[in-house]
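4 protein chains.
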Amino acid sequence: MSLANGRPYLAIPGPSVIPDRVLRAMHRGSPNIYEGPLIDMAASLWPDLRWVAGTTGHLAMYIGNGHAGWEAANANLFSRGEKALVLATGQFGLSWANSARGMGIDVEVLDFGKSAPVDMGRVEAALRADAGHRIKAVLTTHVDTASTIKTDIPALRAAMDAAGHPALLAVDCIASLGCDEFRMDDWGVDVMVAACQKGLMTPPGMAFVWFSEAARERCGKSDLATPYWAWGPRAGAEEFWQIWNGTAPTSHLFGLREALDMLREEGLAQVWARHRVLAGAVWAAFDAWNAGNPEIAMNVADPAYRGCSVTAARLGAPHATRLREWCETKGGVTLGIGLGMAPSTDPAYHGFLRVAHMGHVNAHMTLGALAVMEAGMTSLGIPHRGGALAAAAEVVAKGA
Amino acid sequence: MSLANGRPYLAIPGPSVIPDRVLRAMHRGSPNIYEGPLIDMAASLWPDLRWVAGTTGHLAMYIGNGHAGWEAANANLFSRGEKALVLATGQFGLSWANSARGMGIDVEVLDFGKSAPVDMGRVEAALRADAGHRIKAVLTTHVDTASTIKTDIPALRAAMDAAGHPALLAVDCIASLGCDEFRMDDWGVDVMVAACQKGLMTPPGMAFVWFSEAARERCGKSDLATPYWAWGPRAGAEEFWQIWNGTAPTSHLFGLREALDMLREEGLAQVWARHRVLAGAVWAAFDAWNAGNPEIAMNVADPAYRGCSVTAARLGAPHATRLREWCETKGGVTLGIGLGMAPSTDPAYHGFLRVAHMGHVNAHMTLGALAVMEAGMTSLGIPHRGGALAAAAEVVAKGA
Amino acid sequence: MSLANGRPYLAIPGPSVIPDRVLRAMHRGSPNIYEGPLIDMAASLWPDLRWVAGTTGHLAMYIGNGHAGWEAANANLFSRGEKALVLATGQFGLSWANSARGMGIDVEVLDFGKSAPVDMGRVEAALRADAGHRIKAVLTTHVDTASTIKTDIPALRAAMDAAGHPALLAVDCIASLGCDEFRMDDWGVDVMVAACQKGLMTPPGMAFVWFSEAARERCGKSDLATPYWAWGPRAGAEEFWQIWNGTAPTSHLFGLREALDMLREEGLAQVWARHRVLAGAVWAAFDAWNAGNPEIAMNVADPAYRGCSVTAARLGAPHATRLREWCETKGGVTLGIGLGMAPSTDPAYHGFLRVAHMGHVNAHMTLGALAVMEAGMTSLGIPHRGGALAAAAEVVAKGA
Amino acid sequence: MSLANGRPYLAIPGPSVIPDRVLRAMHRGSPNIYEGPLIDMAASLWPDLRWVAGTTGHLAMYIGNGHAGWEAANANLFSRGEKALVLATGQFGLSWANSARGMGIDVEVLDFGKSAPVDMGRVEAALRADAGHRIKAVLTTHVDTASTIKTDIPALRAAMDAAGHPALLAVDCIASLGCDEFRMDDWGVDVMVAACQKGLMTPPGMAFVWFSEAARERCGKSDLATPYWAWGPRAGAEEFWQIWNGTAPTSHLFGLREALDMLREEGLAQVWARHRVLAGAVWAAFDAWNAGNPEIAMNVADPAYRGCSVTAARLGAPHATRLREWCETKGGVTLGIGLGMAPSTDPAYHGFLRVAHMGHVNAHMTLGALAVMEAGMTSLGIPHRGGALAAAAEVVAKGA
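Residue numbers (the working numbering), protein chains in the order written: chain A, 919 to 1318; chain B, 919 to 1318; chain C, 919 to 1318; chain D, 919 to 1318.
Where hints are given, some of them may not hold.
Result set (DSS-like, lysine-lysine): computed pairs, CA atoms no more than 27 angstroms apart in a straight line [unchecked claim]: (1) D/Lys1316 / A/Lys1139; (2) B/Lys1139 / C/Lys1001; (3) A/Lys1139 / A/Lys1316; (4) A/Lys1001 / D/Lys1139; (5) C/Lys1139 / B/Lys1001; (6) C/Lys1001 / C/Lys1139; (7) D/Lys1316 / D/Lys1139; (8) B/Lys1001 / B/Lys1139.
Computed footprint of chain B on chain C, listed as stretches where at least three residues anywhere in the stretch have a Cβ under 8 angstroms from a Cβ of chain B [unchecked claim]: (9) 928-935; (10) 1161-1172.
Quick caveat, the hints were computed from the structure, so don't treat them as lab data.
Cβ atoms here follow ideal geometry from the backbone N, Cα and C, with glycine treated the same way.
Generate coordinates for the entire structure from the input sequences, incorporating the hints supplied.
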């Protein structure tokens, strides 16, 4: 019998839950795109998008998704044949490398596997080895959406400085912006890529690239920056259409405005803290379950390297797939598949899943998801220790 | 710090959570009310409203709320000075009595208090005592929304039959229809009153009265049946406007159509079973908490007399009020106040609350609400035993 | 071939076009009805509802439609057997009389037919004839939605004063409030009835009764005022639920708030002026068409007695029905049926129609409706003179 | 005084009016993007998108706008340094040329000015002159959104065939798809570019490129086809994410599904005919106004070369700008600016405007817009002859 009929909770790591306020703001007729209220409203997005990124730098907005954001960054940072150093801690780091390679960029990947953080020593060594400074930029994910590993960006900046290498630092915050603490200017980041459908709580369809003055100088030299990708006209538009290189994503702008209002109302420090506590509740539950079944384990052993917006875990095949199905069809919770840990054709694939706690998420949503997971494990006979829900509630009690 | 920013869950016993499908269906421009699609659609509501009530009888629909439903029932069942026997198990039974009294009906109340079910022996005795058959109808709640006591309607029918009394049986299912099992025809009910904002999952604004052929005969004799309340023209309308005695509630009709579709898709037996399991999860949690703090207790001791859509409980003053505030502001869950257990000016008022599990509700919503409650009790230092969340999840695991 | 696919325009005299802002405001989950933001918002409705009515008097709100509003007024103004004088200028005046009669009130109707205004001499004479002051109130429509005749309320007040009769004056502004100038206090009106689905631009479901201090005194003496209808607890509620005698119409409250904001933003004088100009455009078109086909005529000859929110007209049977069908299926405009001018079983019924210009309506909507009507008359071969559209546009040009 | 308060009508040539059905369909929470209903629904879009384009060929979908569509076409049709022949009849043809040039393509433009159609003789001559077949593709607009000139695509195909040149034919139908007749396969078109916010009635955010087998073969040889633009993985995706090169535009997919349903329900031939008649109504009005003021003129003299979705016209400066302002603030109609006819810094700019009759548009909307324009011209004292509205209504009467 199903107990799922009610409001479903989509706990996948993007698109995240869109707030009712955002959906309502998007439910409106087309506006005039040449003059009037839309133009004024859109102007208000710039300072807030800079604020959420922690920068006073430049910004280019795109109709596109995260992959478009990567391509936009690549196109302005590199000319064909120039070199990128990609630090990969999961599938999305590798995908960014593929994006760059597919554009004709010479890509060197430092692959740290799927469960370990970036080894800063290796980064520093690789940069030192590049005596000729062929590497124009270092690309990495802040939180890899697949492995859920978080990279210590200040430490990375320190490693690059220690190596005395002039490469720019480009960071993918697609899975972390508006969830995990990120301070672009303070941390010495030159380029940051994000999209709207995760911490920014807006349906998929927009990508953003923030960039420093140093990155702006480089983009003028790129021969990959085609009209759609070029930062210049978007960041320094004289007419509204140039911001979007054509027609603006009008519905999305209304949604984004509302989402940014929500972030402003709550405050960024509080948003980060909320994600930290809810992530802690999820981790406490896994720690408890695990004691009864060591096959249950979070993908990242050290909490310092776990993203606060999503947690990848393994339950052993086929337990993860069966649990996902149970939670969706019996309990009203849709968990994320385990991405990039094993091919979907490999039986091992069914051993992984991800629990998102991203964006528009509160104690009720996260604790409820954990409770449904426990009910599912019990119902399916997946061994696990008790006490997980109490432990998670305890984290919430202390954090609130 | 607040962990409430995310989708709020309103766990009060009505208005209940309106499904997104219903809200979407209501978001449309005004229709033609004289001919065309609205008229055709509205015709489809009749069989489904009969189905949900378990009757092949008559139906009158009203723009109104539950109180309007009471007044509609009263106006057609009685003439001024005729007698009603009201069986009260909480505030709403008493309110129905007040509604009848305010219309000039002679009301006799059998008040069973706020925590006990109807005593069928007393009912039978009262009817036997009415040798002259002045009592025209017996009025009672199926589930009193305030006390959450459920009345055993087949047993009541049996008591009336045993007394050999010809009074009609009128039941208020406002808090139970579409949640708790109810079979109007099988159970020998003559009149049933409900509204749209609870198990029917539509915003407040419509009331319904289903009535048997015997009740139809009586309504012709009533001198209280003013044009707005009279069953006749609504139940037997020749023109569309007569169904609503004027302009129809057009938006609500679209919403109700969608809500009935959802009930049809799930099936009524399954809807009842879902409520039964989720209620069981809530009860299991209270049973566990209680062992650590006997002040925590459900209002109704015997599960057989608890409604499956809402659970009233006491935590001791001021714990209930503080917990409600914590859950709403810290966890994203709004619980119901304790209604009718103590005046709001009495300190004891702050010792009661209600947890709804009504209508569009699933395992995630209910388990999440319980988990937030436990976090709140911990945070506020309200003594309680552990194991409640595990117990609730266990009930879900077994029930699903 | 149909040219209707596009945004349909419903030009019937209620429900009127619901603004997108209002629909959006109503698209939200259920709020807490015991405390919090809804309660605060609802409090803001009172001063604005008084403002729109032009009164500092009392107000009772109902879940209901216009017929409920009538019954609410009747129930508080009269006891059984007391006398009402109804001034009828169309179907809705007669219906209000029926409502009163059905409640046991002794009703005297002055019927002025379907195309003529109230004859104030007859009113004064009738009141003078009631030497014993059995008439407790005079009931009339400000604009009868069916005949579209407007009553001169200040002249009526003067006639009542001239007669020296103490009867209260009760006016139905269902079709005029928020469209046609109305000043309750300045005009000496004691009771005013309206509903939300016309000039108040909210889906059907709420009725309102404003009442003077004199009317308030009377309501305490009525024996018809049952708990649902009684003004007292609604107008002087100590708890929120009392305003609505039970659960509030939560969705509607959000819609009404938005609609009142729109009226406030535009200003009432401007709203009235807008309706006056648009009505003038419609009348100019009919005046032009008529010269080529005297069968085409507005129902009310003297513009001073035409409502500014809707215009009833005849085209000769079956022209009106055929034109309505053409406009809806070919042009995207739904016109109103001719109500109360002939029974729907009478062939003459097909000679009448109504064009609404009510509420959320602008030059584009009204001029477009007229243009579609002219296209339809041409296509169907209904004789009419040219120049109507130019004349209507001229009225708009001068009025804007 | 403003007569604009009511439903505004946005008559600009895109984004067009979004149907309420489409907005409603988009108002929903995020779906699972890895499995389940979204995936199934999205599969149904392919045959309908082929149907609307008149092709059995290939299709690549993009999160992007029309400019993204151009870049996607360019990237797959050319390698750097290869040659394009662009036939320009207005600003958007020239913009496509700029897009290609900015990507490193060698562009030859045949510019036919802003008011004249493509001269097929010149095209044939240019192709014959390219004896070495350096030209890989001919690019042109079907309807240039700025000049509103329509290109005779079958005649163009014939000219290319007559020249015996192997270049592919690529057509921009951004302003015409779903409005003006277009038959990709029958007309021998190799590549067609469109976006969703005009005839496809969905908010801006998606671009589409349909391509023939011959074009598919060419795309494999391009060195411009970066991962985001490459047709291959999108058109032949094995996994859902590949269709969108990352996260899909989930909200838009629901909207597009509804919009395609609407086109299916109406039928493409009927959709085209509706646009033809409504365009004819607009043209009739301009023909009438013009006789009183020769400064008023449509941009394209020969109706055979006018797009059926939008009409560019001149009124003389500053009349056009003043009329646009009047219509928006007084009448509720927003007209389009005159794009590309004069720089916005040139006083002549204020002499041009565009009237859209595109997508979700019916007789009421178009006739109403014309009537508001006439009222505005009268109010502002812009000389014009009468009879325009009657003439437009006559076209509708005959066409319906």
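Hint check:
1. D/Lys1316 / A/Lys1139: 61 angstroms, violated
2. B/Lys1139 / C/Lys1001: 24 angstroms, holds
3. A/Lys1139 / A/Lys1316: 52 angstroms, violated
4. A/Lys1001 / D/Lys1139: 24 angstroms, holds
5. C/Lys1139 / B/Lys1001: 24 angstroms, holds
6. C/Lys1001 / C/Lys1139: 14 angstroms, holds
7. D/Lys1316 / D/Lys1139: Violated, at about 52 angstroms.
8. B/Lys1001 / B/Lys1139: 14 angstroms, holds
9. 928-935: With 6 residues closer than 8 angstroms to chain B, the stretch 928-935 of chain C meets the three-residue bar; holds.
10. 1161-1172: It holds: at least three residues are needed, and the stretch 1161-1172 of chain C offers 9 whose Cβ sits within less than 8 angstroms of chain B.
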